[in-house]
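K.L.:
Read off the chains here:
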Amino acid sequence: MSTFAWIAVVIIIVTSVGLLIARDWRVSIILLAVQYLAMFILALLHLPLGMASVKVVSGWMSSAILGMTRSGVPDNESDEENIWPRGRLFRLFAAGIVGILVAGATPTVDNIMADAGFAVTAGGLLLIGMGLLHLGITSQILRVTLGLMTVLAGFEVLYATVEGSVLVVALLAVINLGLALVGSYLMIASSSKEAESS
Amino acid sequence: MSANAPILWILVPMTFGALLLFISNQRALSVLGGSFAVLLALTAQFVPIEEAMRIGTFSLKVDSSFTIFGRILLIDPAQGSLLALIYGGTALWFFGAEAAKTAIRIVPLGFMITALMVAAIAVQPFLYAALFIEMAILIAIPLLTSIHTPPGKGVVRFLIYQTLAMPFILLAGWLLAGVEASPGDLALAAQSASILGLGFAFLLAIFPLYNWIPLLMEETSPYTVGFLLWILPTITIIFGAGFLDRYSWIRSSPQLILALRSAGLLMLVTGGLWAAFQRHLGRIMAYGSIAETGFSLLALSIDPRLGIPILFLLIPARALGLAVWSLSLTVIKENAETLRFGVTRGMLRVTPFASAAVLIATLSTSAFPLLAGFPARFALWENLARVSVGSAIWMGIGILGLLTSAFRSLAVVSMAEEYTSWRPRESLTQMIMLGLGVIGLFILGLFPQSVQFFLSELPLMFEHLGR
Chain A
0 MSTFAWIAVV IIIVTSVGLL IARDWRVSII LLAVQYLAMF ILALLHLPLG
50 MASVKVVSGW MSSAILGMTR SGVPDNESDE ENIWPRGRLF RLFAAGIVGI
100 LVAGATPTVD NIMADAGFAV TAGGLLLIGM GLLHLGITSQ ILRVTLGLMT
150 VLAGFEVLYA TVEGSVLVVA LLAVINLGLA LVGSYLMIAS SSKEAESS
Chain B
0 MSANAPILWI LVPMTFGALL LFISNQRALS VLGGSFAVLL ALTAQFVPIE
50 EAMRIGTFSL KVDSSFTIFG RILLIDPAQG SLLALIYGGT ALWFFGAEAA
100 KTAIRIVPLG FMITALMVAA IAVQPFLYAA LFIEMAILIA IPLLTSIHTP
150 PGKGVVRFLI YQTLAMPFIL LAGWLLAGVE ASPGDLALAA QSASILGLGF
200 AFLLAIFPLY NWIPLLMEET SPYTVGFLLW ILPTITIIFG AGFLDRYSWI
250 RSSPQLILAL RSAGLLMLVT GGLWAAFQRH LGRIMAYGSI AETGFSLLAL
300 SIDPRLGIPI LFLLIPARAL GLAVWSLSLT VIKENAETLR FGVTRGMLRV
350 TPFASAAVLI ATLSTSAFPL LAGFPARFAL WENLARVSVG SAIWMGIGIL
400 GLLTSAFRSL AVVSMAEEYT SWRPRESLTQ MIMLGLGVIG LFILGLFPQS
450 VQFFLSELPL MFEHLGR
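Chains A and B are the protein sequences, given in the same order. Residues in the first sequence are numbered consecutively from 0, following numbering that gives the first Met the number 0. Residues in the second sequence are numbered consecutively from 0, following numbering that gives the first Met the number 0.
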């Protein structure tokens, strides 16, 4: 199981960095869905299969909600992607710094989190760090939603090691779905004026 | 016959709110929502929980707990007055919603938000409250922005900051349990206190995390923002006081008292001073509400036997003050394109009731004598001065800033061109609601004991605080 956990961490590195640098929303949604799969593997180490499945299913449903909404919204990619220092190189550099910070913090946090396991702690912290980084460098609604969902996914991985309550899992699933719905609502709202003016 | 308190005051209003989504008549929504909230408030105040009530041959007992997924929603018998206060305040906002022309959104969604905030107080273990607060935040987004208008930066920041609070509070709750188990572990205690502080800093929008409030006041309807600026911090502070009540090591920590006092003063002084230099009536209200949160934090920082009653005394004044303030700003905004000073100059002749109400609400927040905010702030100031004269002086500086903003607002709205005629454009409903609100502000200021009926029992909801 430990090997699977480390594979999940590698997947998280790929997906979270991919989410940071991907420009196509379709790629972002796919990466988010894969990220939830990795999160499921890590959650499975501390939660029963049924409860861990709730997390991945709600994550995938959230990804589907965001994808379906985004597909119906006209393209309005701003130039913010190309403006220095927000280009791909900068994002990769920032992701590298987050990676180093996570590597440094993992042993301490693992100790605090009742020895959750290095892989679980590293995976959770990576998701939180990359999500926060994402939130810090974008103002696009879809990206903000992806950032928040990434942070919450990281938190859920860590929190699953110490709290196995059914109510908490259910409420977190509702919050994930709610966040996706709110993100979709805001995406539709932000496109409404552009559609009118075009 | 038996009923269940969490079903009555959480699930029923939530369902009622969902049903109201299908009504699109402003007046019907306002009257229905307000009346139902009053009914909930009255039942909370007068129907005892966990005690059989006999009326003739009819007997009713309201159970206090409701089990869901192995956890409990528990409404303590001592929390009846708090529920009355919350739903009474909500009724106030709903009745004013027709005048603000926001009833279609604020009444249904407001019911759901209020119910979730009540669930946040009721859930056991109590740290799960963060999850319910987050759900309320998500429901607040459609309240703040229409699907036909692009969301501004304020809405996005509100969503981000409030969402980030939840993980911190949940993690802190778990760490605090660890501290309880091994009280000698100072490092763990410091870590949990820091994480908890960060969580509450996001949730209560403590300096410098409050930049979304002025942005929201510029972007959206002041009335809907005002509602959120009342319900969210009020319940969050009660939730925070619950942490203090539960953990004796937090309660007795001198560092925490100092942190609460510093945060409160920072909120009050920055809120007051920033308000004094604004050139936008909405932003002044935003900073006024930030200062209000500062007052509440200061109340928590003094001796709980005095601070907790003051904290509860601040709640009705905040509810009524913000309701009058935001309703009057909504009316002014309806008649002027924005709330900038340049545009609202001379509005006293166009919206006399609203302009006067803005001034009175600002003065009430600024602790002006005879108004609702005065009794609680005066008591707070007096007690703070006993603990620290320096802090009392800083509190005075904050209040001075708020007073300056009130007089600047007065100058702007009354500064009409010479020979400009009076052209009042307020509707009868708006005039009645604003008039009643202003009278209420005076009543609360002149007779603060009038709300003691609700407030006197409230400190009993805490096991240790305020006793």
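Any given hint could turn out to be false.
Examples of chain A residues lying across from chain B (beta carbon under 8 Å, computed) [as the list claims (entries may be wrong)]: (1) I12; (2) L46; (3) L48; (4) S52; (5) F89; (6) S164; (7) V165.
Quick look at which bits of chain B chain A covers, simulated, 3 or more residues with Cβ under 8 Å [unchecked claim]: (8) 13 to 24; (9) 168 to 174; (10) 351 to 364; (11) 394 to 403.
Note that these hints are calculated values from the structure, not bench results. Glycine residues also receive a C-beta, built at the ideal position from the N, C-alpha and C atoms.
K.L.:
Now, for every hint given, state plainly whether the structure supports it.
P.N.:
Quick rundown of the hints versus the structure:
Given the 8 Å rule on beta carbons, the hint for A/I12 is violated: about 21 Å separates it from the nearest Cβ of chain B. Using the Cβ-Cβ criterion of 8 Å, the hint placing A/L46 at the interface with chain B is not satisfied: the shortest such distance is roughly 14 Å. The interface hint given for A/L48 is violated, since its Cβ lies 18 Å from the closest Cβ of chain B, which is over the 8 Å cut-off. At its closest, the beta carbon of A/S52 sits 16 Å from a beta carbon of chain B; the interface hint therefore is violated under the 8 Å criterion.
For A/F89, the interface hint is violated, the least distance from its beta-carbon to any beta-carbon of chain B being 21 Å, above 8 Å. Using the Cβ-Cβ criterion of 8 Å, the hint placing A/S164 at the interface with chain B is satisfied: the shortest such distance is roughly 6 Å. Taking 8 Å as the C-beta contact cut-off toward chain B, the hint placing A/V165 at the interface holds, the least distance being around 4 Å. Only residues whose beta carbon comes within less than 8 Å of a beta carbon in chain A count, and the segment 13 to 24 of chain B has 0; fewer than three means the coverage is violated.
With a cut-off of 8 Å between beta carbons, the segment 168 to 174 of chain B has 4 residues touching chain A; three or more are needed, and the interface restraint holds. Here the segment 351 to 364 of chain B counts 0 residues with a CB under 8 Å from a CB of chain A, which misses the bar of 3, and the coverage is violated. For the segment 394 to 403 of chain B, the proposed coverage by chain A is not satisfied: 0 residues have a C-beta within less than 8 Å of a C-beta in that chain, short of the threshold of three.
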